[in-house]
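Novice: First to last, the protein sequences are chains W and R.
Using the UniProt record's numbering, the letters of the first sequence correspond one by one to residues 1 to 1214.
Using the UniProt record's numbering, the letters of the second sequence correspond one by one to residues 1 to 103.
I should point out that these hints are in silico values taken from the structure, not numbers from a laboratory.
Cβ atoms here follow ideal geometry from the backbone N, Cα and C, with glycine treated the same way.
Just so you know, nobody snuck in bad clues.
Derived Cβ-Cβ restraints for the label pairs, each shown as a range:
1) R:Ser77 with W:Ala379: 39 to 47 Å
2) W:Gly414 with R:Gly86: 51 to 59 Å
3) W:Asn426 with R:Leu66: 19 to 27 Å
4) R:Leu66 with W:Ala818: 49 to 57 Å
5) W:Asn440 with R:Ala18: 33 to 41 Å
Taking lysine-lysine and the DSSO-like style, the derived pairs with C-alpha atoms no more than 27 Å apart in a straight line are:
6) R:Lys69 with W:Lys425
7) W:Lys872 with W:Lys1005
8) W:Lys732 with R:Lys95
9) W:Lys425 with W:Lys378
10) W:Lys1143 with W:Lys729
11) W:Lys44 with W:Lys369
12) R:Lys25 with R:Lys69
13) W:Lys801 with W:Lys816
14) R:Lys95 with W:Lys443
15) R:Lys90 with R:Lys69
16) R:Lys69 with W:Lys443
17) R:Lys25 with R:Lys90
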Amino acid sequence: MTRRYHVLAIPIRIVLNSFGDHNPNGMMYVLKENEQKVKNLVKKNPFSPVDLVQPLVIRANEGETIELLFENQLNFNTGMHFQQAEYDVCQSDGANVGFNKDTTAAPGESILYRLHAVKEGTYIFSDLGNPASGENGSNSNGLFGALLIQPRFSWWTNPETGKTMNSGVYADVHHPLLPSYREYAWIFHDEMEADDLTGNRPINHLTNQEEESFHGANYRYEPINRRQQLIEEGVVGPNTEGEEVHHDSWVFGDPSSPILRGYVGDPAKIRLIHAGVKETHVFHYHVHQWLSDPQDLNSEMLDSQSISPQSHYTVEPLYGLGSLQGAFGDAIVHCHLYPHFAAGMWGLNRVFDTLQDGSQCYPNGVPIKALQPLPDRKAPPKPTKLKPGFPNFIPGKVGYKAPRPPLGIKGGRGLTELERNAAVKNPRPGAVFVDPCPDNATKKEFNVSVIELPVTYNKQGWHDPKARIFVLDEDLEDVCSGKKEPEPLVFHTTAHTSICVNFTNRLPHILDGDAFQLVTRTYETGFHIHFVKFDCLVNDGANVGWNYDSSVLPGETIQYEYYADIELKAWFVHDHLFANAHQQHGVFGSGVVHPRFTEFLDSATGEEVARGTQITTRNPLIPDYRDFVLFAQDFALLFDNDGKPLQPPGFPGSNDDPGLFGVNYKNEPLQFRLGPDCDPAYTFSSYVNGDPITPILRAYEGDSIRIRLLQGAQEESHSFNVHGLRWLKQRKNLNSNMEEQQHVGISESFTMETYIPRAGDYFWAFETEEDLWNGLWGLIRAFDEKVPDLIPLSDRPEPLKRSRPLPECTGKKPPKAADPTRIPVKKGPIRYFDIVAFQVPFVYNSFGDHDPHGIIFSLREDMDAILEGKKKPEPLVIRGNVGDTIEVTLTSLLKLNLFPFQDGIYPYPEVKEQAFYPPSLRISLHPQLIQYDVKTSGGETVGFNGDQTVGPGESRKYRWYVDAPMGACGMWDMADIRNHKSQGAFGAFIAEPRGTEHLDPYTLKPVKTGTNVVLRNPFLPSIREFVTIMHDGVRLLDKDKHLIVDPLAGMILPPPDVDEDEVDTYDQGSRGFNYRSERLVNRYRKHPVLHDLFSSRVFGDPATPLFESYVGDPVTIRLVTPAERRRTHTFHLHGHRFRFEEKNLNSRTESFAGFNVAGAARNLELLGGAGAYMGFPGDYMYRSGNILWDIEQGMWGILRIHDNIQEHLPPLEH
Amino acid sequence: MSNQKRGLRPVNDTREEALVLYFEKHIGRRAFILTEAFPFMFIGKIKGLLGDIVILDVQTTSVPALEGKVWNIHIDSIEVFYIETGTGAKIPHLKEHSDEEPA
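Whenever a hint applies, use it, and build me the whole structure from the sequences.
Specialist: Right under this line is the structure:
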C-alpha cells in the first residue's frame, strides 16, 4: 500500500510558553492541509502558544510505501532526511551527499520522496540542507519531526474527538487484533532561539544574567525563571521560594509543556525522540518502568534513559499507565539533568481515574478536555459530587502551594470526606489512594535523615563545606562525630518487600550563598524514589501537577511506603524539591533490591548489615556475590584547603558547569600523583603514591561481583570503564553484548554482574579525560590469598593462608611487571605483533588542517613508510581470531623534543584544574574485552601491579588471549592521558571468529593491519569490515600553522556575538574519524552554498575514510571511541539498519548508535548488507547525529555502494 | 528403521515411565524443580501424580504470588530436579527476613 503526504517546510513564529517566550525565526514541517490554518492562528495569537505549532508527526503502517511530496517555503535549500527507512539514496536521501543527485528542494520547489517502512518504529526526519549549528541552522530552529510506523493494519484517532487524524503528536492507535494504545511523541530538543516578549534574550530574574539556553520538548518549555517571577511579583505562591513549586499546578496552573493524558491501565507508547542538536539528555518518567528494548523480554528494565542527539526509543510503560499498582494522578516526565529541568524541559503524564467528557474543570476553572476511553477497555466511572476523581478531591487552594498529603506527616492531618471517598480500604501513611503492597510482603523499615555537614573529598583537603547527605538515623551520631566516613546512603532489601521509610528533614532552612550559588531557602525536602511501586499522589517525594506536596519541613518526619515487587537494580533516591539547588552537595542515595532470601553481610566482619556501598551477600540458591555501589558526581562545589573555590562559575547561581567531580564523595586528581621523577606513567601506581582515596572494591580471586553504577549529580555524561572485566549488557540475556564500558547520566542505574578470574588490581574509571584527570578512578582489588578484613564468600573455597606480605607504598618507581611470555602457551596459535609508538604529523584533510605532534602506534614494518610519507597514518587496527594467543611487543620511540608542551601544561584543549603534568616518554597499550592477566598484560601501571609501560628505546611484551569473537575492542595508551591519547595514541583490536583470514579489500592479499579489510572464513560469508574510530579533543593547526580553536572556529554561520567562554571544556577541540576530519567550514569558505557541503561533485570526496562495497555485500562496521571528551556522539548511517545487539535476534534494529564516548565499542552488522534489503546503490553518509558541533567539525564520511563491478575493487567471491 | 518399527520401546516412553515412578515413590517428600519456562523454579511437597503430571504443593518459587498454592507440572517441562530422600542434602527452607511477621 502507498500512503501519501504533502509536507511543507515553512517559517513560523514559535511561542514556547504562556509567558510569551518565543522563537521569531522558527521553522517547521507541516501538512499542506494545515498550512493556512496554522499561519492564521499564529497571526492572531502572536504571544500565545498555538496547538498546531508542534513538530510534525505523521504515521504509516509497517510494510507500506510512503510517498511524500515535500515543498520548501524557506529561503534556503531544505529537505527531509529519514532515519530507519529504506529508500533510493539517489532519490530520497533529503541531502546532497557524495555523487548522489541533490535531493534537497530549492526555495519554492518541490521534491517527491519515496520511503519504505520496513519495520515498526520511529523514523525521525530532519533537514540536512542546512547543516549549520547554532541559531542560523535549521534543526535548532525546529525543522524536524517524526514518521511513526505502526503494526500492519493499524489506524489512529484523535484522543479528544475519537475521529481519524492525519498528523499530531498524540494519537490513539487501534488494531483489529491487538490492544489499542495511547501514542505520545515526546520530542526533546535544545539550543533553539528563545526571546522574551520584548524580543530580547530572557534574563534570569535572580542573577540578572542571560538565561540558560532553551531545553524543551515539542516546541514548548516551562522555565523556573518565568514561574518564579510570578512569586516574586506577589501574584501567586505566597511564602514559597521557587524550585519547590516549579511543577506545582496548584500555584501556577498547568504548564505549556506537554501533558500526556490517559486513564489508569491504558497501554501506552511514548515515542521518545531527541531532535536536538547538542546535549545528551536523560529521560525520566515518574512512577513507571519499561524495557530498554520493547521487543526483548530479557532486556533491562529502566525508569530513566539517556538519549543522545538524533536518536530515539519507544517507552512502553509496563502494566500500562499507573503501573502495576494502578496509580493515578500526575507523573512528571522530565530531563533529569537539573539545569535542563530548571530551564523548562519537563511535562506531565496525567492519569485520570474518572471519565473526562469535556464537562469537568480543573480546580482553577480551566476546562478538562475530553478524553476518549480506548475502545477495547472499560471506561472509567463518571465523576460524581462525592467522588469527583483526580484532581478534584484534593483539598488544595488555587494560587497556593499544593497541600500536604493526609496521614503521611507524623502528627499531621487525617482525611477529608472527599479524600476518604477516594481512598483505598485501609489508607495508611504513604499508601492512601492506591495500595502497592500485597499483604504477605516482607516488611522492612528504615529511618532516614537528610543532614548538612562538611565533607572532605581528597587527601589535599578539597572539601564541600555544605555537603548534604542522607544517613540512617542509627548512623547519625557516628557520621556527625567523624567516626564513620560519610558515603552515599545505600540500603539493601530483597524482592517482595514492602519498604517503610521514616524520613526526617534535619537540614537548615537556608542553603548559604558563596562563589557557586546564591542563598536559597531550601526549607522543605522529600525522598523521591525510582523503580519501586507507590502511590504517586502522596508518596512521590515531590510536588508535581495537581498532586500533593509529599515533602516535609525541617524537624518533621514523613512516612513513605513502597513495594519492591521483584529483584531490582540499585534504585535511585534523591530530593525532588530543591534538587537543582542542593543535589550536587550529595543529596542522593540508593536502595538495592536483591534476589529474595539474600542476606547482607559486612565484608570485614561477616555481621549482618542493612546499608553500605560495599557489602557481601549470601544466598541459598544463587552464587554469593560482593555488591559494590558507585555514584558519579559532577558540579561538585568544592573548596581547597585555603578556602578557595575550585572552578567557580562566572557568577553565583550560574549553571554553566560549576565545580568539579566526585565518586562516592571522593576524588583522586592525577595532578597530585606525579611521583618524584614527575612521570605521568606511574600516576595510577600505588607503589609510588599509595592507594587512591576513592573506592577500592575488595574481593578474592574468583569471586562473583555486582557493580551498581549510578550518577548522583548533576548535568553531564560520564563513561564508566573497567579494565579487564566484562559483563553482559542485558543481564538476563546470554545473547547480549559483552561490555567493559557504560555511559551513564544522572539517575540512571546499571548493574554490572561479573566475576574476577585472576588476582590483581583492576582499574575502574570514568574515563573521559577531564573526569579521569580530576580523580574519578579507583581499583578493584582481587586478593590471591587471605586478608584479615575480608570474609570469603560462603560458597567459594576458603582462600589460602597468606604466604607473603601484601605490597606497600614505597614512594619509588614500581617494580617491572613479570614477562608474561615466560609461561609457555599450552594451546592454539600465537599471533605476534611488533608495535612501535612514535611521533609523526597527521594531516587531517586536504585543506591543510593538521596535528604536527601526532602520536601513532604502528607495526614496526610500517614505521619507515609512515615517516617517509609513503603510507598515510591511520590508527593501528590489529586482529586475532578466537583461540589465538596474541603476543605484542611494544617499543616506545617517543622523543621529548617532538612534544608540543614540554613545560608540562597542555593549554588546549584544556581540562578543569589545569596543572603541571609533563609529557611522558613512556607508553603502553591497553586492550578492551579480551583476556589477559592484569598483573602483566593490562597495558597499564595500576595499583600494586608491576610497571607495564615502556620508556624510550625500551620494549616489553604483552600476552592477550582471544576467548570469544568480541568484534571491536578499543585499544589505547594508559601512560599519559593528557599528552598521548587525543594526540592519536589509540587504535583497535578486532576479535574475529576462529579461522578468519583478513584480506586487503583491493588486492585480496592477507594483511596484518588496516581499517578496511575483507574477512574470509570457511564457515561464514565473506564480509567487508570497516573500522571507524570516532575521536575528539584533537588539537589542530591550520595550513598556516595557526591553532584552530574548535568548535567555534569550525562554525559555518557563527553568531556575531560568539563567546569562547560559552564552550564547555568538554566540547573543546577538533574531532573526526581515523585521524581525518572533513571540517565543513573549509568547504564553505571555498564554495559558500550550504546544501552542497557534502557533495563530492563540488569538492571531491571527503578526507574521512571512504568505504566501498557492492550492493548486497555483507558489511560490518566496527565503531570504536577511545578518546576522550565527555560530550557523547551519536553515530548514524543513512539508509541502513543494524541490530542494537548483533547476536540477539530479538534485538531492536536501528540506524543509530548513541553514546559514543571514551571506551564505547560497537559492532554494526548492516541488515541486508550494503544497500540494505532493497539494495539501492549510491553514496550513504555515515556521520555524527550531533548537528552542534560534530558535523560541522568534520565527523562525517561516505559509504559508497556500487552496483557495477569496479576495476579497483574485486568483488567478494560467493 | 526406527526403534518402534523394530519393535523396540521408544526411549522417551522409558524415560517418562522412570520419572513417573520416581516421583510416585517420593510422594510426600520435598522436591526442587527447575523448568525452562516461567517461573523457572519450584520448591514444594509432592502431593501425587496425575498421569505424567506432578502435583506439587508449592512452598517457594521465584515469584511470591505463585506460592502457597498447588501447581501441576508436566514432567516434560522439568529440566532438573532433586528430591529430598532423607539421605542426601536437604532442600533449604527459604525464609525472608522481615522486620515484622507478615499480616
